[in-house]
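Trainee: Given next are the chains, with one letter for each unit.
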Amino acid sequence: MTQPFRIPAGGRIDRDRPVRFTFDGAAFQGFAGDTLASALLANDVHLVGRSFKYHRPRGILSAGSEEPNALVTVDRGAGRVTPNLRATQIELYEGLTARSQNRFPSLRFDLGALAEVAAPLLSAGFYYKSFMWPRSFWKRVYEPAIRRSAGLGRAPVEADPDRYLHQYVHCDVLIVGGGAAGLAAALGASATGARVILCDEQAELGGSLLSEPDVTIDGWPAPDWVREVLVTLGGSVTLLPRTTAFGWYPGNMIGLVERVTDHLAEPAAKLPRERLWQVRAGRVVLAAGAIERPLVFPGNDRPGVMLAGAARTYLHRYGVKVGRRAVIATADDSAYRVAADLYAAGVAIAGVVDQRAAPDSEAIEAVRALGIPIHAGMTIGSTEGRSRVHSVKLANGTDIIPCDTVLMSGGWTPSVHLFSQSRGQLVFDAASGTYLPSEGAIGACAGVFDLATCLRDGTAAGGSEPRSFAVAGVPVMASAGPPVAAAPNRRAFVDFQNDVTAKDLATATTEGFVSIEHVKRYTTTGMATDQGKTSNLNALTDVAALTRQGVEAVGLTTFRPPYTPVTFGAFAGPFRGKLFAPVRLPPIVAAGAVLEDVGSWKRARCFPRDGETIDAAVARECLAVRNDVGMLDASTLGKIEVAGPDAASFLSRIYTGDFASLAPGRCRYAVLLGEDGFIRDDGIVARLAVDRFHVTTTTGGAAFVLHHMEDYLQTEFTGLRVWLTSVTEQWAVIAVQGPRAPEVLAPFIPDIDLGAMPHMSVREGHIDNSAIRLFRVSFTGEAGFEVNLPSVQAQRMWDTLRERDVTPYGTDAMHILRAEKGYLIVGQETDGTVTPDDVGLGWTIGGPDFVGKRSLSLPDLKRTDRKQLVGLLPANPAVVLEEGAQVTASSTSSLGLARRSPQTPGFAAIPGASSEDDAGGNARSHEEKEVVGRAFAIGHVTSSYRSPTLGRGFALALVAGGRAQIGSKLLVPMPGGSIEVTVTEPLFHDKTGERLRVRPVPRPAAEPLLPAEVQSAPVARPSGSVRLAALAPTTRLSVRAGSSAATAIGLAIGVLLPTVPCRSVISRDRAALWLGPDEWLIVAPETASDLAVQARKAVGDHPASIVDVSHGSQTLEITGHRAAWCVNAFCALDLDVRAFPVGMCTRTLLGKAEVVLWRIAAEVFHLHVPRSFVPYVWACLEEARLEFTDAEVV
Amino acid sequence: MLLIPCPWCGPRPESEFRYGGQAHVVRPPDPSAVDDAAWGAYLYLRDNPKGRHAERWRHLHGCGRFFNCVRDTVSDRIVASYKPGEAPPS
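Each protein sequence line maps, in turn, to chains A and B.
In this text, residue positions in the first sequence follow my numbering: the first is 6, and each later residue adds one.
In this text, residue positions in the second sequence follow my numbering: the first is 12, and each later residue adds one.
For the record, the hints were derived by calculation from the structure and aren't laboratory data.
Among the hints, erroneous ones may be present.
Claimed, not checked - Derived, one-sided and incomplete: chain B residues facing chain A with beta-carbon distance under 10 Å:
1. Pro24
2. Pro39
3. Val45
4. Tyr53
5. Leu56
Note that the Cβ used here is the ideal one computed from N, Cα and C, for glycine as well.
Here chain A stands alone, though its shape is the one from the complex:
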């Protein structure tokens, strides 16, 4: 007969739905509603694992998440192997495949059990004491062997094919725990109209009430009362079974992990396996219940020894008898109920061993009346049996009681882990010997075990008037007193999961560990995934007795999240694969390009032709630029529009250089420093008009530079009337460089005379009716232009030029071309410790004061022996130096790694340290003498390439006192020998700048670009209850202005600019969105393209910044009943319509992308997404709405 220990009737399992499963390859049957633990027990399987350290046979201790022993691996196929799951939490499903862990070759015959013979070597803190000799064996022999034999299941190595989601949720009341108190709290809270979430780690809400068929509440049997309450709550409370509150983080943010599909035999692919809820709660009600404490006696870990309450749960909830003949060992009256119920179910109760001298209560009387012997004032001396207990010997040493089950209860410990994580204050309760939360907890979690009181307290904690319920069927019981310390014994286990015994605790205190935090770490009690759920208070009690102090004096260790293990998948959520980080694509799809990562961008590295190597392609591209004409997609450059009457003055304080003298239409190269005087970024500052500048930044520095400018503008230079607008995504940039650049471009830009543009100038004109900004600048040393055009037009321009035989070149060629001219790249030639003068840019410095200027006159920054930018030419022209290689002055075999002394050039002296200190006759000066005569690094190679133009290798380097060494020979030591190099000035091509000279350009007839290809909008997956769409282009203006100008602008463009934060105004076909106290986004139909002109006219003398950003972003629309829910999968804002009403708008984060989120209607959101982030945001929203689509994932 299968399931010999299943009782004929009762329990909450579905006996009409048998479920087959395997454990260690053996086939079993259980019922729907079983856990793996209950099904194994029904089949008389008690041996389920081997212990962590000693490989002792272990059985099922509990019926819940506190289980320390029954950890198993569940195998759902490749990549779906989950180790260390608690058998007590695994819901049975058809075909479940589970395996025991930490045993070889089998669970029953485990070679690792030899560890027990070695137990004296493995005592507390053994890794500090044993295995010390020979010393070299620790790393190679002992540690690997110990690690192999210790521990738990094996982590899978295949990629996890399942999906995981995150969800941000806000609520007024979060109730943790769905037992009696939690349900009552939910009733109380939902009556107030609050937003309530109730979560519970178990599959079924109801907690201990599910195991109380004989108790009635308001006349209902307790399990039926639970059912009725859930129906009542269903409409108004978010009920989350299978959801563990695992961590309490700052700002009342609680982490919940919902196991969505682990209980399903064949989950739908569109469902996530797990969902991580990040709940921002107004208030948290802790109804997490209590955990029964084991008793600490020798052999208390033998299979068949179980917590008493667990046996009652298995009986009433799962219809399983845990044995035939049980001994009850207790310090608490609750175990007597267990005895009575098991007796009624046909389990022989061989005796109750009560460590209390004279226990007496209604529950005890009931047991005595059954004729069950009660041994008062007695404890268990030991247990016997191998893989299952077969008898116990009482501590009096004479009585031996045969049994197959020992049920123990040391009383109940309130589950205060979450409260402890919240940094709440725990209060010691002397009567129960436990710690209780000082606030916010109800029910057993607060040390209240009377059901009627739990229910009444619960309704009050929910926020309603306290409500009483009529409770019947619970006998009057006395709670256990404080735990009693156990005698030190190396088979009396305190912490089952970490194999810590009472002896280990005694050893630790004997060795001088007094603080409980030290004892915890030395013995490992209460550590790791278990976090001391069953062991903490017993350990505390033992340590208190051993150190002769009160438990409250010992104090409690800090509980750490997570409460129970959380999968990496849940933490990673959707942020892996293509959503790991946004991949930003430039507006030009460069056919044939080899791409590389530059920050978050993908840029074209080079464009190999058929059969061409990368090196050959790069060389060809370089020569094309030098001899003909090439083009580079430079769209990723950061671009900032700086506008306002004080713009020049502001820029003069941010960049090196004085921009008051820069005429409109001219550009200047500029360097941006930190206040410490070191280079942070560089770029071109172009003056479009007296009060308007277009500033470029490096690709990687765009966000930083804008932040840096806003910092000084908002907090230091507050009097200036200047506004900043990012136009990085508005403008695409095509750099057209080379002798033929002017003639190639001229036909497409009829309204600008290219031959009249001096080097470093800017003009505004048109290509095909689109406004452009044309820069005559060069990062290659050749005559050239950077065409800034609306990003939507960039592809046409690129394709047209390509048809005119302009050679596309990538970042590799760009690097070589600029290095030949000695143009630096921030982050390559600079590393955050480099001043302008170090890299020969002292000429950029001007003006009265700018950020970082003062630091340039600090003594250390003026040293002449600082590392300076020079060129290096290897003596052998075929050699290309390694970037990062060190440069030395003379021959060495030590790779230039000699110690530095304060006299060494390049050594950063401590400011304020006097030279007398350096020359002092201390121990160091002896070392310095040793250095003399040996080579040391005086610099390093920053850039190195083979130049197709020069036909040889060349490099840029930072070398101490380098400018004074031009012409001399240095060495670059490499493993194969030192390479001789000659120091040169950092300029290798066109030293006079002749090639940059402007020549007249014929003005040919205007020619059109290629016709535009129809851009296909992304197409959403088949619609379900949430729809996603990309909207048609619109006109967008970024308006930054003071209040009077804002009013004038509003009147001129026909929509008033809202003054209330995060609100919008809609007027006919246009809208104004508040984005900041002086910032608005204007959205209008695409046809209103002259809106910026109208607005600029309207402001008159009021300073303001009005920038057309139409092409910088795209609008996505998400619609439907669950639209807010889907946005909340990636956005942390509270999107309840009361908190985020219709018309509300704000910048925020969606995943890792910044967007403007705007609620158009209750179920409609618009997201203004920067152009390059559209694919990422789109993919995020698709991921979120997948479970609401009709179609299955393929």
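Given chain A's structure and the hints, the job is docking chain B onto it.
Mentor: Structure of chain B alone, referenced to chain A:
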């Protein structure tokens, strides 16, 4: 995750903000008039209190404004937030 009260937008999740260091450190109006030691102190010396600390935050992914917070470094609770130019609450 902290919930940070932006003086303009109200309480927002920490992920929208960027930390800006100690508040009320004023850049010398004329740096050239400051000696090296004082300039070094302005660059590098900051308080590290146990308890209340006035610090700058920017609502970077929101309204973009810098403002000041008083945060208790022991409890990690934000006691107050206020606009630039306003005095810290006593």
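Trainee: Take the hints in turn and mark each one as holding or not.
Mentor: So, going through the hints one by one against the coordinates:
{"no.": "1", "hint": "Pro24", "in the structure": "holds (4 Å)"}
{"no.": "2", "hint": "Pro39", "in the structure": "holds (8 Å)"}
{"no.": "3", "hint": "Val45", "in the structure": "holds (7 Å)"}
{"no.": "4", "hint": "Tyr53", "in the structure": "holds (8 Å)"}
{"no.": "5", "hint": "Leu56", "in the structure": "violated (12 Å)"}
Hint 5 from the earlier list is the only one contradicted by this structure; the remaining hints agree with it.
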